Every structure is written in C-alpha cells, then in structure tokens.
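Assemble the whole structure, with the sequences as input and the hints as a guide.
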Amino acid sequence: MPARRGILDLAQTILFVIVLVLVPLCLYVVFAVVPTESRMGVVQRIFYFHVPSAICAFLGVGVCAGASALYLWKRDRRFDLLAHAGAELAVVFCSIVLISGPIWARPVWGVWWTGEARLTSTLVLWLIFVGYLVLRGSADNPDQAARWGAVVAIVGALDVPIIYKSVAWWRGLHPRVLKATGGQGLDPTMERALMLCMLTFVLLFTYLIIQRCRLGRLQDDVQALVHAARRGSLPAART
Amino acid sequence: MPPVDLSVFHGPLALLMQSGEPVTRFTAEAAAAQPAVVARGFRFLIAAYTAVWAILAIYILTVSVRLRRLSNQVRRLKEQSG
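Chains as they are written, first to last, in this note's numbering: chain A, 1 to 239; chain B, 1001 to 1082.
No lab work stands behind these hints: they were computed from the structure. Source: prediction; values computed, not measured. You may find that some hints are simply not true.
Pulled a few chain A residues facing chain B out of the computed Cβ check, cut under 10 angstroms [unchecked claim]:
no. : residue
1   : Val42
2   : Val43
3   : Ser95
4   : Trp104
5   : Arg106
6   : Glu116
7   : Leu204
8   : Asp221
9   : Leu225
According to the in silico footprint, chain A covers these stretches of chain B (three or more CB under 8 angstroms from chain A) [as the list claims (entries may be wrong)]:
no. : region
10  : 1041-1055
11  : 1061-1067
12  : 1070-1076
Glycine residues also receive a C-beta, built at the ideal position from the N, C-alpha and C atoms.
What follows is the structure, given as structure tokens:
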C-alpha cells in the first residue's frame, strides 16, 4: 500500500507540473499566436477559456451524476466522495462560465444577460448544484444527505443535454461553433488553440478532483478519529 | 525560400509557428481607425481573464488550506490517542 500511495503521489505531482507548464503556454498562444476574430475583435479571446470551463462544468456534473448513481447502487462511501467533489468542481467551473459569458456578451451583444435558452439553462444548472452543496453542507444525517444529494445530482444532470441542444432547439444569440460532425466553423489556428486550452482545463480538472477526493477522505478520517477517541480505540487513518 | 508546410505539425508546435495576423476584417488598419473600440475590447478581455484566474486561484488556495488543516488535525488526533 505505501508503494501504491507513493506512485499516486508522484502521478499527482507530475500532473500538477504539466498543468503549471500548460497554463502559461495557453496564455501565450491565446494572446500572442491566435489570430484576432474578424467581427468581435480581441474580446473573442475570452472564448478560449469560456468554452473549456463549460466543458469542465459538464465533466463535473457527469462525474457527480455517475458517482451518485453508483453510490445509490453500491452504497460505497468512495462514490459519494467522488460525487461531492464533482459537484463542487461543477459549481466552480459553471461560475467561471456564468461570469466570463456576460463579460463577453456585453461588448458583442450589447447586454450583460438575456433570457436566452442556453444562458437560462446554464444558470439553472448552477443553481441545482449550488443547492446540492447546500443540501450536503446543512444535513444532520450524512447518509440521508448522500442519498438525497445523489437524487438531486442525477436529476440535475438532465439539464446538461438541454444546455447542449438549446442552441439548436430554440433560437437565441448563442453561436453554434462546435458541431458534432466535422466543420467546426473555426480557423484552424483557433481550433488548435481551443484544443490546447481544453486539454489544459481537463488536466486541471483531473488534478482538482483528485485533491478534492483526498480532502473528503481526510474529513472522514478526522470524524473516525474523533469517534475512536471517544470510545478509546484508534482506527487506521490515511494521511 | 520555399514555403513551410505546417500541416505536418499538430498541436502547440504548429500554433507557435503560425503568425498572429487577423483572420479577415479586424485588421491593423481597422484597429488603428477605432482605438476606442479596441481599448474597450481589451478592458472586457482583461476583466474576463482576471475573473477566471481569480476564481481558480481562490478555489485552489481554499482546497490546499483545508487539506493542510485536516492533515494537521489527523496528526494531532493520532498523537493524542497515543
């Protein structure tokens, strides 16, 4: 077990170093290499972090919903920890999307916010997962909170396909940049820059979810140690 | 000098080898004609990037502080228990 833990720690460190190298590279590419978009000008460069943030928010929701379903099936605490971590990261990345989006919209659309389908459904997703975190944080019974949270996560995840398809289903201001079948509608340099930023954000997401799961395990350890101290026995704790 | 075929490169290397010229209409001439519009675009761009990295930095800092505090708590509890 200690050898396995050592390998995991090394993998985490390598992942962190890769992210540390990729982030300045992304900033350099976005600000110095990528061509300026013809209609929106420099403000379009928000796109390279706005879209990857949205992808990471969806990943967080997916991880949370998947782990929640597994928790309801197996009742394994590890899945609950993963679900909680996914929800927290979904809220963080969704917050980034909801802040960077209006900052991009103001000079391009002339408004900070509209009642457009994609914006509204993204806000609904954020509210659902903030609600999930509030539920998890305020419950007296952790098992009950985990079960209810799992149901909220699975129902909340149904909003993701609605967000994805909202541009096609309802007319709005949001452009359809990424298409499922070829023809991205992007300049090749812009497309490669977007892929680089996506890779960076997904690696950052992976690193953060590992750290957040570690945090959850440590919280469990503290609780177990406190209970054991009260009973007079000491359980084996992770560090 | 013959033109370099960039199609052989993929990913960041290809990006680094390409110029940052505007795609079409947003040319250097157009930018020079409308400096106020360009400056306004930069303000929004910088505001957005500041927000993105501030949120991520605060979150990473929060997680690392919580991790350190919990690790110390676990160590302290283990020491107290014997």
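Tested hints:
no. : hint      : in the structure
1   : Val42     : 4 angstroms, holds
2   : Val43     : 4 angstroms, holds
3   : Ser95     : 6 angstroms, holds
4   : Trp104    : 6 angstroms, holds
5   : Arg106    : 6 angstroms, holds
6   : Glu116    : 19 angstroms, violated
7   : Leu204    : 8 angstroms, holds
8   : Asp221    : 5 angstroms, holds
9   : Leu225    : 4 angstroms, holds
10  : 1041-1055 : holds (count 10)
11  : 1061-1067 : holds (count 4)
12  : 1070-1076 : holds (count 5)
Comparing the model with each numbered hint stated earlier shows that hint 6 is the single one that does not hold.
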